[in-house]
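Going by the numbering used here, 730 is the number at position 730 of the sequence shown; the sequence numbering is gapless.
Bear in mind the hints are in silico, worked out from the structure with no lab data behind them. Backbone N, C-alpha and C fix where the C-beta goes; we use that ideal spot for every residue, glycine too. A couple of the hints might just be wrong.
What the hints assert, rightly or not - Straight line, CA to CA, 25 Å or less: simulated BS3-like cross-link-like pairs of lysine-lysine: (1) Lys259 - Lys912; (2) Lys259 - Lys248; (3) Lys1018 - Lys492; (4) Lys454 - Lys465; (5) Lys1036 - Lys892; (6) Lys448 - Lys201; (7) Lys454 - Lys686; (8) Lys892 - Lys290; (9) Lys475 - Lys1033; (10) Lys994 - Lys248; (11) Lys475 - Lys1161; (12) Lys124 - Lys62; (13) Lys984 - Lys994; (14) Lys427 - Lys416; (15) Lys6 - Lys61; (16) Lys454 - Lys892; (17) Lys1033 - Lys1018; (18) Lys290 - Lys492; (19) Lys1018 - Lys689; (20) Lys27 - Lys448; (21) Lys1033 - Lys201; (22) Lys1161 - Lys448; (23) Lys492 - Lys686; (24) Lys1033 - Lys492; (25) Lys892 - Lys201; (26) Lys6 - Lys1161; (27) Lys736 - Lys1161; (28) Lys475 - Lys465; (29) Lys983 - Lys994; (30) Lys984 - Lys1018; (31) Lys124 - Lys454; (32) Lys1161 - Lys27.
Claimed, not checked - Label pairs and their in silico Cβ distance ranges: (33) Gln759 - Thr434: 16 to 22 Å; (34) His289 - Asn262: 39 to 45 Å; (35) Asp1178 - Ser451: 34 to 40 Å.
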Amino acid sequence: MPRQLKSLELHGYKTFANRTLFEFAEKVTAIVGPNGSGKSNIADSLRWVLGEQSYGLLRGKKTEDMIFSGSENRPRSGLASATITFDNSDGWLPIDYSEVAIARRAHRDGSNEYLVNGQRVRLKDVGELLAQSGLAERTYTVIGQGLVDAALSLKADERRRLFEEAAGIGLHRARREEALRRLEATRRNLERVQDILAELKPRLSSLERQARRAQEYEQLRADLQILLHEWYGYYWHTAQFELSEARKAVQSQETRLEKVRNEQNGVEQSLAALRQQLGLARAGLNAYHKELSGLHGQREVISRQLAVSEERLRLLHQQQAGVHSERERLEEELSSQRDLLVGSIQDVDQLRIELEEASDQLNKVQLDLTARQQERLLVEKSVQDVRQQLSSLSIRQGQLQARLVEIQAQAERTHKELEKAIQGQAKTEQARQTAYASRQAALAATQKAESAYKDAAEAELNGQKQLEAVEMERKQALEERSNLAAELARLKAQQDVLDQAENTLTGYAEGARILLQATRQQRLSGARGALSSYLETPAELERAITAALGEFLEAIVLENEPDSALDLLRESTGRGVLLPIPLLGDKRTKRLVLHVNEEVLGIASDLVNAQQPEVRQALDLLLGQVIVVRDRPAARRALSGQPGNVRAVTLNGEVFYASGPVTGGGGGGEGAAVQQTLLGRNRQRKELKAVQSRRQSEQAALDERLQVIEADVLAHQSEADRLAQAQEASRLELYKASQAVDQAVLTLEAAERQAAWAQEQRLRLEDDLEHGQTEITNHLLDLKEIDRLLEETRSNLRQEVARLEELDLDELHAEQAHWNTRLAVAERALSDAQNRQQERQTSVNHGEHNLAALERRLGELVAELAAVQVQRTDLLRDEAQIGEVIRELSAKIEPAETELESLEAESDERQKAEAVTRQNYSLAEHTHTQMRIALARRQEALQSLQRRVEEDFGLVAFEYEEQVSGPTPLPLAGMVEQLPIVKKLSPDIEESIKRQRAQLRRMGAINPEAQAEYHEVKQRYEFMVAQVADLEKAEKDTHAVIAELDSLMQHEFQRTFEAVAAEFRQIFIRLFGGGSARLVLTDPDDMTETGIDIEARLPGRRTQGLALLSGGERSLTATALVFALLKVAPTPFCVLDEVDAMLDEVNVGRFRDLLRELSEKTQFVIITHNRNTVQAADVIYGVTMGRDSSSQVLSLKLDQVEDIAE
């Protein structure tokens, strides 16, 4: 097969800091290297670049562990990158490139990015690209020692995962899980829709009741407006009168307040002048007192300074006497210290002489000791060398003796093996010839089966295409039928709504509804129904005719006098419009002369069809003077020159009177919509019936067509099933033939390998036997030479030991210790004498320094005494001058105090008069404020009443008294409300207003949009019913898909299990050279959940559990299982990471032979230490660890592989 895995490029990934490229062979590539070199990181990188998200499998904890971490000699990398390149020339990957490069990069911030041929993609895109080849899901693409052992350690149900991956049903299982999630979502949606339906159903009847209550509410509110009109008229004029009286009172009080304010101002000005004069007098007196106080303070300061000067003089005299006494004492002490210093200098000189003598003697002894020690060291080294040589010779002698025994035993075993190899070579040649004949027969059968399978596959494909076309036609027809059914249900719902509205009289005013109900109950004779039920109007004119008729649209047509109907209306609170035919008589109106064009559509009575002649007469009276136009400009032009009773109505329902008034609006309101619905009900019912009839005919034709299509689907389905069965039978035959060919080829290849191996084994054994004999002879000669050298070395050792005993060091060591002691004593005595000399010198220096300081202090005291005497004389002179100034200032203060007392008495009198005037002004101002508040309250009451009137009536033209100002009334006479002038209210009017307002409150909130909401909720209800049907159908379809996937997964799993079980038995026998093994289903009746157990019997043993096998036996058994999976469901490539570590040389040879066989269909990358496994490789890479802790890749020759593997 062509090479599919071309290369792998690493840069910064784990230990591969440098950019490293691996180019893989078509069959087997080997990677070797010592432990810790980073070769297993290559397997991790392949997992990583294929999208592995479990860092535990990648031997890390986080993204940062995938990036080179650096070392002492190299900084860490900031990015890890791995790029794997595939050869896609045969299109095994679903992408239009002959070469596909998938790359993954990791950054230190934890982010990852994926690239396909240099373009950034998502991880999901990489998974979908690899899914078809199985690389995205199979766990045995990269196989390490952990997976090999796990294949046996897994529980039976967990081991099933390996077989599911081999069967390729992972995608089916994912689809099944997705279908289960969709099924659960469908069920939840169905529950939600049913909950919504349960909520909507009671709301429909509630909305209908709300619409009726809204109409009753409007009637009650109209009656309340009439009462409020009278009540507001009375209180509006009363409030204006009270406001006028309050304004007059405020004006009178303002005049009195102004008079009192003038009096208060005069008194305040006189008092202010007196206060200013009083302030000046107080300021002058305060200045005198302040100056006097300052002088007294200065005299006190001078007195304190004089006392301080006298005290300083006394202290300075005492200090001068003390300094003279201290100088005499220091001079005596300094003389004594100088005598002691001279004696210390003489002692130091004598001790230095003794120290030099001891040092000279010690140096002489040390020189003699050093010479003796060097000579002894040379002799000791010679003795040590001789002893080491003697030990090495003894060890070598033992090794040669042990090796000689081992070689002799190996030569005997080799001789026996050679005899067996010669006998087995003849048997293998005969087996090879038999296998060759079997292969030729199997090839012929395979060609025949392959031709039959191609014919069956082509026929089945054509049948499937025809079936898909017919099923597509059926699907389209079913969709059309579903759409028709939905539309019919919608039309039926609309018909029911119209019938229900007619039956419940929805849209009619209360008076009209009472009369119509009496008519249906035969309590009103002569009533023929509402006018709207006799009219047929085009849809585009309904709004215009509704506006033109107004309240007459609900008028009740009577054949007799209206007395009975009026009696019924009087008994109720509703109002109604009556059209008694006898009273209309022959009243005719003058027919309008009108020119019809695009803007003027005609006279309204001509545009409406009346089903009864009597109704036509009423219609002419009501609409005979109404012109229907398209828009407002057309209305104005049509009314030009018409009499005052002529009206023009636009298509939007705006009514223009020839006399001037215009009515409009309400086009989107509830009342207009209801009346328009009343006018269009007959038309809508007819249109709905016609559409329903057409849709029912279409549905019947579609049902007939569906029956024909269903028959075609059944026929094509039967044919497709038959062709599929035929294809499966031919595929099974082809599979059996292919298996036979594969088995024959394997048998032939095994026989050829066995023959070659037997020949190679014979030659090798002959060479080993000859080599062993030569090695035995050489070892005997070496032993004789070693015996001679041992005797010679023992003699040399005895001579050197005698020389060593002659060289004694004890006498020299004793003499050295004596002079060391003398030298230490002399050094200590000299140190003590020098310390004493230093201390005495320091004492002399300190005494001289203290004597000089006393001389300086004595001079300072003499100068300070002179300065204090001068300062004391100056202070006495200043004290006398300040006393004279104080006497002069005291003479000025007495007359100023007398004048101040007189002014203060006058100020008290004027303050009393000012308090009386201020009290009068405050009282007047308070009265004025109260009147202003009363006026504001009257104004607020009037404004509040105005707001209440506007809230209840809207636009109102208020009339104001002459004394009350207000806004100018709007020039809208007849279009705004006007309050009447009421002198006296009815006694019970306020009670009536309270009662009707309480009734409105009891009715609660009224929904003005009830009718529109009813139609909206009805449509939503019908839509939800259709949704329920669709969701139930989707649930049924999902169940069918899940059942189909279960059947497909069971079939594929069983087929794969049988194939793997057969291969496992054969590979197990080949690897162990006998024995037996089989795979067993734990629950054969449940193929969707059954586990898989392994039963093994090694050659010469009974069947035993896997836990009792040795490490090598477990590894070999797991290898047999993994190889069986690869043989049945080969992957494009497979990485084996040290899976042969537990195998001995014989088993490695069988492992290598199987690896060669599997490499015909699967490309292998082997990471190994075993030299025998490396022999199966086409390309070899060597990995070592550099000084910078990064992996280095070497190009190795075959003779170098052996050295690295060791």
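Results for each hint:
Note on Lys259 and Lys912: the hinted pairing holds, with a Cα-Cα distance of about 20 Å set against a maximum of 25 Å. Taking the CA atoms of Lys259 and Lys248, the gap is about 18 Å. The hint holds against a cut of 25 Å. Simply put, Lys1018 and Lys492 have alpha-carbon atoms about 12 Å apart, close enough for the 25 Å limit, and the pair holds. For the proposed pair Lys454 and Lys465, the alpha carbon gap of about 17 Å is at most 25 Å, so the pair holds.
Among the hinted pairs, Lys1036 with Lys892 is inconsistent with the structure: their alpha-carbon atoms are about 125 Å apart, more than 25 Å. The suggested pairing of Lys448 with Lys201 is violated, with an alpha-carbon distance near 70 Å, which exceeds 25 Å. The suggested pairing of Lys454 with Lys686 is violated, with an alpha-carbon distance near 64 Å, which exceeds 25 Å. Between Lys892 and Lys290, the direct Cα distance comes to roughly 13 Å. Compliance with the 25 Å bound is thereby established for this hinted pair.
Distance hint between Lys475 and Lys1033 is fulfilled; the C-alpha atoms sit about 13 Å from each other, no more than 25 Å. A hinted pair counts as satisfied when its Cα atoms are at most 25 Å apart, and Lys994 with Lys248 does not qualify at roughly 35 Å. With a C-alpha separation of about 44 Å, the suggested pairing of Lys475 with Lys1161 is violated against the 25 Å cut-off. Distance hint between Lys124 and Lys62 is fulfilled; the C-alpha atoms sit about 20 Å from each other, no more than 25 Å.
Proposed proximity of Lys984 and Lys994 is supported: the alpha carbons are some 19 Å apart, at most 25 Å. Between Lys427 and Lys416, the direct Cα distance comes to roughly 18 Å. Compliance with the 25 Å bound is thereby established for this hinted pair. Distance hint between Lys6 and Lys61 is unfulfilled; the C-alpha atoms sit about 30 Å from each other, more than 25 Å. Between the alpha carbons of Lys454 and Lys892 the distance comes to roughly 146 Å, so the proposed pair goes past 25 Å and is violated.
Among the hinted pairs, Lys1033 with Lys1018 is consistent with the structure: their alpha-carbon atoms are about 23 Å apart, no more than 25 Å. With a C-alpha separation of about 113 Å, the suggested pairing of Lys290 with Lys492 is violated against the 25 Å cut-off. Note on Lys1018 and Lys689: the hinted pairing holds, with a Cα-Cα distance of about 19 Å set against a maximum of 25 Å. A hinted pair counts as satisfied when its Cα atoms are at most 25 Å apart, and Lys27 with Lys448 does not qualify at roughly 30 Å.
Restraint check: the Cα-Cα separation between Lys1033 and Lys201 comes to about 23 Å, which is no more than 25 Å; the hinted pair holds. A hinted pair counts as satisfied when its Cα atoms are at most 25 Å apart, and Lys1161 with Lys448 qualifies at roughly 23 Å. Restraint check for Lys492 and Lys686: the C-alpha separation of about 13 Å stays at or below 25 Å, so the hint holds. Among the hinted pairs, Lys1033 with Lys492 is consistent with the structure: their alpha-carbon atoms are about 23 Å apart, no more than 25 Å.
About 111 Å separates the Cα atoms of Lys892 and Lys201, which puts this hinted pair outside 25 Å; it is violated. Restraint check for Lys6 and Lys1161: satisfied, since their Cα atoms lie roughly 15 Å apart, inside the 25 Å limit. With a CA separation close to 19 Å, the supplied pair Lys736 and Lys1161 stays within the 25 Å bound. Taking the CA atoms of Lys475 and Lys465, the gap is about 15 Å. The hint holds against a cut of 25 Å.
Taking the CA atoms of Lys983 and Lys994, the gap is about 21 Å. The hint holds against a cut of 25 Å. At most 25 Å may separate the alpha-carbon atoms for a hinted pair to count; Lys984 and Lys1018 exceed this at roughly 54 Å. Pair hint Lys124 plus Lys454 does not hold up; C-alpha atoms about 35 Å apart against a cutoff of 25 Å. For a cut-off of 25 Å, the pair hint linking Lys1161 to Lys27 stands: about 8 Å separates their Cα positions.
Between Gln759 and Thr434, the C-beta spacing of about 19 Å keeps the proposed range 16 to 22 Å intact. Between His289 and Asn262, the C-beta spacing of about 42 Å keeps the proposed range 39 to 45 Å intact. Against the hinted window of 34 to 40 Å, the Cβ-Cβ separation of Asp1178 and Ser451 comes to about 35 Å, which satisfies the hint.
Checked against the numbered hints above, the structure violates hints 5, 6, 7, 10, 11, 15, 16, 18, 20, 25, 30, 31; every other hint is satisfied.
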